[in-house]
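The task is simple: from the sequences and hints, build the whole structure.
Chains as they are written, first to last, in numbering that gives the first Met the number 0: chain A, 0 to 304; chain B, 0 to 304; chain C, 0 to 304; chain D, 0 to 304.
Because the hints were derived from the structure by calculation, they are not lab data.
Among these hints, one or two may not hold up.
Pairs count within a copy or across copies, as identical chains cannot be separated in the list.
Stated by the list, open to error - Straight-line Cα separation of at most 25 angstroms, SDA-like style, residue types lysine to any residue; simulated pairs: (1) Lys-103 to Met-184; (2) Lys-54 to Pro-83; (3) Lys-266 to Pro-180; (4) Lys-266 to Arg-177; (5) Lys-266 to Ile-129; (6) Lys-266 to Glu-190; (7) Lys-54 to Gln-109; (8) Lys-154 to Tyr-171; (9) Lys-266 to Tyr-171.
There are 4 protein chains.
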Amino acid sequence: MLLEHREDAAAEPEALNHASPWLKIRCTPEEVRAEGLNAVLLATPHEVSLELAPKMLAAGVRVIDLSAAYRLPAATFARWYKMPHPSPELLAEAAYGLPEVNRKKIAGAQLIANPGCYPTAANLAIAPLIEAGVVDRSAGLVCDAKSGVTGAGRKASLRTSFAEVAESFSAYAVLEHRHVPEVLMVSGLDEDELSFTAQLIPINRGILETVYFRSRNLHSERDLLAIYAARYADEPFMYVSPSGSIPDLRAVNYTNRCAIGGVFDAKTGRGVVVSAIDNLQKGAAGQAIQNLNLAFSLPETMGLA
Amino acid sequence: MLLEHREDAAAEPEALNHASPWLKIRCTPEEVRAEGLNAVLLATPHEVSLELAPKMLAAGVRVIDLSAAYRLPAATFARWYKMPHPSPELLAEAAYGLPEVNRKKIAGAQLIANPGCYPTAANLAIAPLIEAGVVDRSAGLVCDAKSGVTGAGRKASLRTSFAEVAESFSAYAVLEHRHVPEVLMVSGLDEDELSFTAQLIPINRGILETVYFRSRNLHSERDLLAIYAARYADEPFMYVSPSGSIPDLRAVNYTNRCAIGGVFDAKTGRGVVVSAIDNLQKGAAGQAIQNLNLAFSLPETMGLA
Amino acid sequence: MLLEHREDAAAEPEALNHASPWLKIRCTPEEVRAEGLNAVLLATPHEVSLELAPKMLAAGVRVIDLSAAYRLPAATFARWYKMPHPSPELLAEAAYGLPEVNRKKIAGAQLIANPGCYPTAANLAIAPLIEAGVVDRSAGLVCDAKSGVTGAGRKASLRTSFAEVAESFSAYAVLEHRHVPEVLMVSGLDEDELSFTAQLIPINRGILETVYFRSRNLHSERDLLAIYAARYADEPFMYVSPSGSIPDLRAVNYTNRCAIGGVFDAKTGRGVVVSAIDNLQKGAAGQAIQNLNLAFSLPETMGLA
Amino acid sequence: MLLEHREDAAAEPEALNHASPWLKIRCTPEEVRAEGLNAVLLATPHEVSLELAPKMLAAGVRVIDLSAAYRLPAATFARWYKMPHPSPELLAEAAYGLPEVNRKKIAGAQLIANPGCYPTAANLAIAPLIEAGVVDRSAGLVCDAKSGVTGAGRKASLRTSFAEVAESFSAYAVLEHRHVPEVLMVSGLDEDELSFTAQLIPINRGILETVYFRSRNLHSERDLLAIYAARYADEPFMYVSPSGSIPDLRAVNYTNRCAIGGVFDAKTGRGVVVSAIDNLQKGAAGQAIQNLNLAFSLPETMGLA
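Below, the structure written as structure tokens:
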């Protein structure tokens, strides 16, 4: 059962029903208990999740939360979201829901914090490089991220109106996007080692991130791609492009897949990795289903193939 | 008089006429002489320009060439275009047509090499930083470039067909675009100091480039923006965004303007500069007119305001 | 001086300034008098125009109003805009600002009602057919109209958000658009003779209307096109496509031009006429300038070439 | 097994493999026999289908052909495709594959002619009106059709290049599209009763057709919608919008659904019906699967839900 909270829902129920008439989208902890549910997915703003998740957990259901409410350590949360975390005790318990990095903890968790869309694409590209120890961290990494418009959520705003977005391209968060701390947390990078910019592509779906790094101990492009091939050998949703091929959004949209390709110039030690996902699938709802499957020991690809 | 050479012109003259029926688009050196022209703009592939430009110069007219034929030193040209340069003696004479960097030489030139679209946006962002000595070159610069589809020229190809491009986003030249040597030549960077990737935005017009650098001696964002403000104080086509504002394509499309904005995090020494142009104007035809004005001592903005 | 009234202006002045920092966009009748202005263009909702126009006229300036406030007879206005007209005496005086149909009256007018965008494209296609008496009115005419998103104005709304509009196509006013009475008024058609549907193209600019009619006395496509060629022979902004060619939006966007093409099947008496304009130019601001030129006996194409 | 024939396949196998590496897309009648296949889907040009289908049928497999090769009577085919039909005897046997109209014949057919995309949307809207006898045929019907770009197939051509299509809208077949005879054949309309125009929407997927008619015996919008509701009551892929709602492409894209909505003005007897499908699903591959299911007595929605 998907729980979606919308302040404007009362104002335009018909729009809501038009979009998804088959969903029973509002429910309270009482309803959850009465209906004997096993899990709740919260697609709510973090303020709402912070209030609802404890009640749902208390009602005995597992919670998969798509907001940023339970992704970060309390201090980091407080810094980026300008409020103290109201239930720091839940943070220890919450599993960060990136299965390719954190599968074991997700499997047993009562509370799963579904990752942000940008960090999903970034961490799946960056984490293997850091783990493999091939990045010259003194030179820093760059992650130049581009997202379709649905990443901004569904609401009336000039910034996401057609006339503003179409036939343009813009950077809207340079160096300071709220999703940066999730990348640092998972990759282990320090804040001064990562430069991140978020940009808006005039399309609906898809995130493509271009990661630049330098290496002193990587010997060839083949070695770069081998790192990903080994790391993701058993992953059902990871696709590593062969040398010479770079993934685009067409390769991932409408799937739960993350596609990764890379180029490395051994002569100068410069590397580029491109990571692509569908922000509504692997970047949000699809990954939530993947986590739901893991939490209940179901086949991980169920409902996602 | 614009000279455009199209191999497929015979095959589809109606398409050509439909596009621009008012242009007299084909002419020979004989015609140029007979009509007493003063200048010719060559919007031809570099192979054609290499053949035509010497004849046009011999016919006594100034040449503004929009191809890569006369932009690079002979050795660099040979490496990237896989052929020896047939008239190296013309290269010494040719002026690289980026007025904001090379105005004086352009003014007297018989042969002007109009810059590539990507290098125009890149150099206008990077050159002032290098000149000011604020870049930590040991960490390298990253230029993540995005272009609308018209940058690929007008021809029938699957790669630029609507169904391939629309609703997607792709990187098509990672680390090795032909335009890179123009950026190195103008900025003075070494090859191992610059990582460049070219990507395709699903729109028609506009180039936006995001430049990442590190600095040890730059003290604030204000100082960063002051570098551009001083450097471009008298430039009619340069626009430097105030702090907190980053230019998008809407700010430059259908104009000959280049807009530049920047962010600098003094605590960690990381900087980002965004540069935007209309690839068909400042990136091609508009800059050619600007150069034409300079070559004939006309007001630089004539026909471009 | 353009007068634009926005209820949300206070809420987001930076957006407004960003869009057009060079315009002095708010002024009162007092300011108009103090500055000695000759004309005011009102780009305001009809409710605001109904209040402001009389004051501006009383202040001695000519008014070109882009709203529907003064386009229709009082009774028709009341029916479609659900309010009695507050100054019916001004309606007699107001000139409907479609120069190709009403040039003489516009020239001397103090108050000019700039036409709607849909009616401009429709009337320029339909009026000549009705005047020429070639339409079988018993079979009715169909006008299937399509518009880019800027036709809906600039405001935050889910209906014009990128995610709703992009990659879709929708009809939003079937048989009952507010602009229909303007078409009836100019063409002389009766309400039951015209079927009109307005549809949203996922692009920013441009209106294309496809008009279907039947004829018993038209003999050939050549005769159809000759009607337009004769009617618009001296019009600076009308372009009639040759037989076999149908205009698209590319032919008119970013110009004040209206392009018209037609097909006629003499065997069955069925005709189709396509009419295209840029909704922001010939459909709004461009036509306002054309009317301004006419009102002050300036060259009609001044500022519009 | 899908058989796709591409003249350019040899020239760019990698593009083909990139698009669909999991398909075994080329096979001969010999292979079909050797592998013991039951059915072949031909996604080939009509010239190729005309040659291959008889051989496949002779090899004992059922054929579902997506081209126009077996859709029309021999004389009509000859007129529109400028060649005599080489196997007129197969035409009697071939079932026109529009299940909502021809389900019984499809069920037992060896050769099924999958309909064109435009006729599918048109016939599902028009046929019920003609069957119900509510159309004033003396006034004629208008079908104003709009299609996304994938309707033109996948090939390199200037006409479907991004730069030509994006940010524009154009009519490309006025009154004389090859798909018109399919509409006449199914609906029973005469050629002089239908005016059809095909137009290109700058998006990838989806067809929306706006049908205009007049009626003397239809009493209300409710009655209009009741015709469709009754006609399609048991159809798994038909969706009839409630009064006041008109379907858009978002309602059908990525599904095999056809959505229909209507407006009727009883006072003047004018009606408008809007029909929407995904041209790649209900307009092509999806409908082929639906026909495959019918041919083999499988559940009609199998693989399409």
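For each hint, the structure was consulted:
1. Lys-103 to Met-184: Answer is within; shortest intra-copy Cα gap is 17 angstroms, inter-copy 52 angstroms.
2. Lys-54 to Pro-83: within (19 angstroms within a copy, 55 angstroms between copies)
3. Lys-266 to Pro-180: Classified as between; 16 angstroms across copies, 33 angstroms inside a copy.
4. Lys-266 to Arg-177: So Lys-266 and Arg-177 pass the 25 angstroms test across copies only (18 angstroms; inside, 36 angstroms).
5. Lys-266 to Ile-129: Both ways: Lys-266 and Ile-129 sit 21 angstroms apart in one copy and 23 angstroms across, limit 25 angstroms.
6. Lys-266 to Glu-190: between (28 angstroms within a copy, 10 angstroms between copies)
7. Lys-54 to Gln-109: within (13 angstroms within a copy, 61 angstroms between copies)
8. Lys-154 to Tyr-171: both (17 angstroms within a copy, 20 angstroms between copies)
9. Lys-266 to Tyr-171: Between copies only: 21 angstroms across, 35 angstroms inside.
Hint compliance for this structure: every hint is met.
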